[in-house]
Amino acid sequence: MRLKTPLSEKDVRSLKFGDEVTLDGIIYTGRDEMHLRALEYAREGRELPFDLHGAVLCHCGPMLRNEGSKWHVIAAGPTTSSRMDSMEPQFIEHFGVRAIIGKGGMSQPTVDAMAKHGCVYLAHTGGAAVLAAEGIKDVKRVEWQDLGMPEAMCELEVESFGPLIVAIDAHGESLYKRVDETVASNLPNVRKQLGI
Amino acid sequence: MLGSTKLVEDVTVNLLRIAVTSLPDDVLGALRDAEREETSEVGRTQLRTILENVAAADRLSVPICQDTGMLTFFISGRCLPDLEEGIRRGMSRATSEVPLRANAVHPITRKNPGNNSGKGVPTIHYDYSDSDFTQVTVMPKGAGSENMSVLAMLTPSQGLKGIKRLVLDTVIKAGGKPCPPTIVGVGIGGSADQAMLLAKQALLRPLNIGNPDQQLAALESELKQALNLTGIGPMGLGGKTTVLGVRVEEAYTHTASLPVAVCLQCWAARRASARIARDGSVQYSREGFW
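As they're listed, the protein sequences go chains A and B.
Counting in the numbering used here, the first sequence runs from 1 upward without gaps.
Counting in the numbering used here, the second sequence runs from 1001 upward without gaps.
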């Protein structure tokens, strides 16, 4: 399934965990330091450099090369999303993002916030940074460069970006929760195998 | 022969380029096997994407993963003067030439100097001996897997069962975060610092080379089999490929201690080695010299 940004609440509510999608349009990168600063701006009533309503946030610290005035992406795989867990529910509520791309999954408060406000989590293959870069057609802007290259906020134009798996949908279902349940049910056998 | 600082600088740049743009044959082989054998559809999609990505990185000669990690160097053999200076210069050059992502930041202010340099960077371990060559091995390791590292000071009575429990708990708790399928490094014994170093060094041994110690070899294969029954799968999305291998190293420890360290390595298990001979000639290998 192909999704085009910006995403509406209806777009994301129609997705189901386990669906495979690709993305066309604009995505914004942001990780630890960007979340901290964005939420600080929100508390102070300041505007972000980008309007994130209906936007796709990507947990990614791309490797960029600057040639003259132009930025080029060399590698841009996802980073571990759980580091943003403590900030994400508030981020989703305040900024109105509709999808978050990352890896490794997010915890229950984020799953709940996604269900409440209409947002999905799209799992990207960790480390598959060259394929990700091939899906990025243009680096439109790089803001907050003082945070360092990995932590800066980039506006990226993407085409057929993916494959992405809907791993947390907007109805409280999570593929990670399902896997956790499978692991829990396998555990007695695994322990028996190890004699522990 | 070039001045040894310049030689080491050049070797470091070459090593880093090899290490971050391609995977050792043993890792690639294990990923291909996993893709063939994986039964979960989502899991297979992850492995297929991984293999396509490795091929693309190789074709374009660019880093496999944007997280080119923090670098750990292992030096052995003949002592070379000004080796550290050569490595530092090489790292700084590689950061712009290869390129590497500028990952090194101050631990508290989080300020990024932008060139991967700073106090204590990179980590270098020395094991000098009377040899005809100097061996330099580098392991770039991303934070996703490094953040899942665990050190436990078990009590001696917890024994082998305690070790197995710790490895299992660590892999389950890490879930999809360290980019599975991972390679699990386990360091048993020594002191606290030595246990973690053993766990990391264990990750250098290729997946197709068994542990020369039969008891540890059996433990490696038992743990691998069991961990792949958990169902965590590629990227934690479910499947039977959770680990590509388990590598265990040990050292004698205090009679009152049982330190155990677990160090997970992501599927992009990057490493490369160089041997610098007395005449300045250099041999490179992604797999290492075994």
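It is possible that some hints are incorrect.
Said to hold, decoys possible - From the derived model, a few chain B residues whose C-beta atoms are all more than 12 angstroms from chain A: (1) Asp1026; (2) Arg1036; (3) Ile1050; (4) Asp1058; (5) Arg1059; (6) Arg1089; (7) Arg1093; (8) Lys1161; (9) Gly1233; (10) Ala1251; (11) Arg1270; (12) Gly1288.
To be verified - Straight line, CA to CA, 30 angstroms or less: simulated DSS-like cross-link-like pairs of lysine-lysine: (13) B:Lys1224 with B:Lys1240; (14) A:Lys4 with B:Lys1161; (15) A:Lys192 with A:Lys10; (16) B:Lys1119 with A:Lys192; (17) A:Lys70 with B:Lys1224; (18) A:Lys16 with B:Lys1240; (19) A:Lys192 with B:Lys1006; (20) B:Lys1173 with A:Lys16; (21) A:Lys4 with A:Lys116; (22) B:Lys1119 with B:Lys1224; (23) A:Lys177 with A:Lys10; (24) A:Lys177 with B:Lys1173; (25) A:Lys70 with A:Lys140; (26) A:Lys177 with B:Lys1111; (27) A:Lys177 with A:Lys116; (28) B:Lys1111 with A:Lys116; (29) A:Lys140 with B:Lys1161; (30) B:Lys1224 with A:Lys140; (31) A:Lys140 with B:Lys1240; (32) B:Lys1161 with B:Lys1119; (33) B:Lys1111 with A:Lys192.
Unchecked claim - Label pairs and their computed distance ranges (CB to CB): (34) A:Ser160 with B:Gln1158: 27 to 33 angstroms; (35) A:Asp146 with B:Ser1157: 31 to 37 angstroms; (36) A:Leu39 with B:Glu1041: 35 to 41 angstroms; (37) B:Asn1147 with A:Leu39: 18 to 24 angstroms; (38) B:Ser1191 with A:Asp112: 28 to 34 angstroms; (39) A:Gly195 with B:Ala1251: 20 to 26 angstroms; (40) B:Ser1191 with A:Asp146: 28 to 34 angstroms.
By construction, these hints were calculated from the structure, which means they are not laboratory data.
All C-beta atoms in this analysis are idealised placements derived from N, C-alpha and C, irrespective of residue type, glycine included.
Hints and how they fare:
| no. | hint | result |
| --- | --- | --- |
| 1 | Asp1026 | holds, 17 angstroms |
| 2 | Arg1036 | holds, 18 angstroms |
| 3 | Ile1050 | violated, 6 angstroms |
| 4 | Asp1058 | violated, 9 angstroms |
| 5 | Arg1059 | violated, 9 angstroms |
| 6 | Arg1089 | holds, 21 angstroms |
| 7 | Arg1093 | holds, 15 angstroms |
| 8 | Lys1161 | violated, 5 angstroms |
| 9 | Gly1233 | violated, 7 angstroms |
| 10 | Ala1251 | holds, 23 angstroms |
| 11 | Arg1270 | violated, 10 angstroms |
| 12 | Gly1288 | holds, 21 angstroms |
| 13 | B:Lys1224 with B:Lys1240 | holds, 11 angstroms |
| 14 | A:Lys4 with B:Lys1161 | violated, 52 angstroms |
| 15 | A:Lys192 with A:Lys10 | violated, 47 angstroms |
| 16 | B:Lys1119 with A:Lys192 | violated, 47 angstroms |
| 17 | A:Lys70 with B:Lys1224 | violated, 47 angstroms |
| 18 | A:Lys16 with B:Lys1240 | holds, 23 angstroms |
| 19 | A:Lys192 with B:Lys1006 | violated, 56 angstroms |
| 20 | B:Lys1173 with A:Lys16 | holds, 26 angstroms |
| 21 | A:Lys4 with A:Lys116 | holds, 22 angstroms |
| 22 | B:Lys1119 with B:Lys1224 | violated, 37 angstroms |
| 23 | A:Lys177 with A:Lys10 | holds, 24 angstroms |
| 24 | A:Lys177 with B:Lys1173 | holds, 13 angstroms |
| 25 | A:Lys70 with A:Lys140 | holds, 9 angstroms |
| 26 | A:Lys177 with B:Lys1111 | violated, 36 angstroms |
| 27 | A:Lys177 with A:Lys116 | holds, 18 angstroms |
| 28 | B:Lys1111 with A:Lys116 | violated, 36 angstroms |
| 29 | A:Lys140 with B:Lys1161 | violated, 54 angstroms |
| 30 | B:Lys1224 with A:Lys140 | violated, 45 angstroms |
| 31 | A:Lys140 with B:Lys1240 | violated, 40 angstroms |
| 32 | B:Lys1161 with B:Lys1119 | violated, 39 angstroms |
| 33 | B:Lys1111 with A:Lys192 | violated, 48 angstroms |
| 34 | A:Ser160 with B:Gln1158: 27 to 33 angstroms | violated, 51 angstroms |
| 35 | A:Asp146 with B:Ser1157: 31 to 37 angstroms | violated, 52 angstroms |
| 36 | A:Leu39 with B:Glu1041: 35 to 41 angstroms | holds, 37 angstroms |
| 37 | B:Asn1147 with A:Leu39: 18 to 24 angstroms | holds, 22 angstroms |
| 38 | B:Ser1191 with A:Asp112: 28 to 34 angstroms | violated, 44 angstroms |
| 39 | A:Gly195 with B:Ala1251: 20 to 26 angstroms | holds, 24 angstroms |
| 40 | B:Ser1191 with A:Asp146: 28 to 34 angstroms | violated, 41 angstroms |
Hint violations for this structure: numbers 3, 4, 5, 8, 9, 11, 14, 15, 16, 17, 19, 22, 26, 28, 29, 30, 31, 32, 33, 34, 35, 38 and 40, all remaining hints satisfied.
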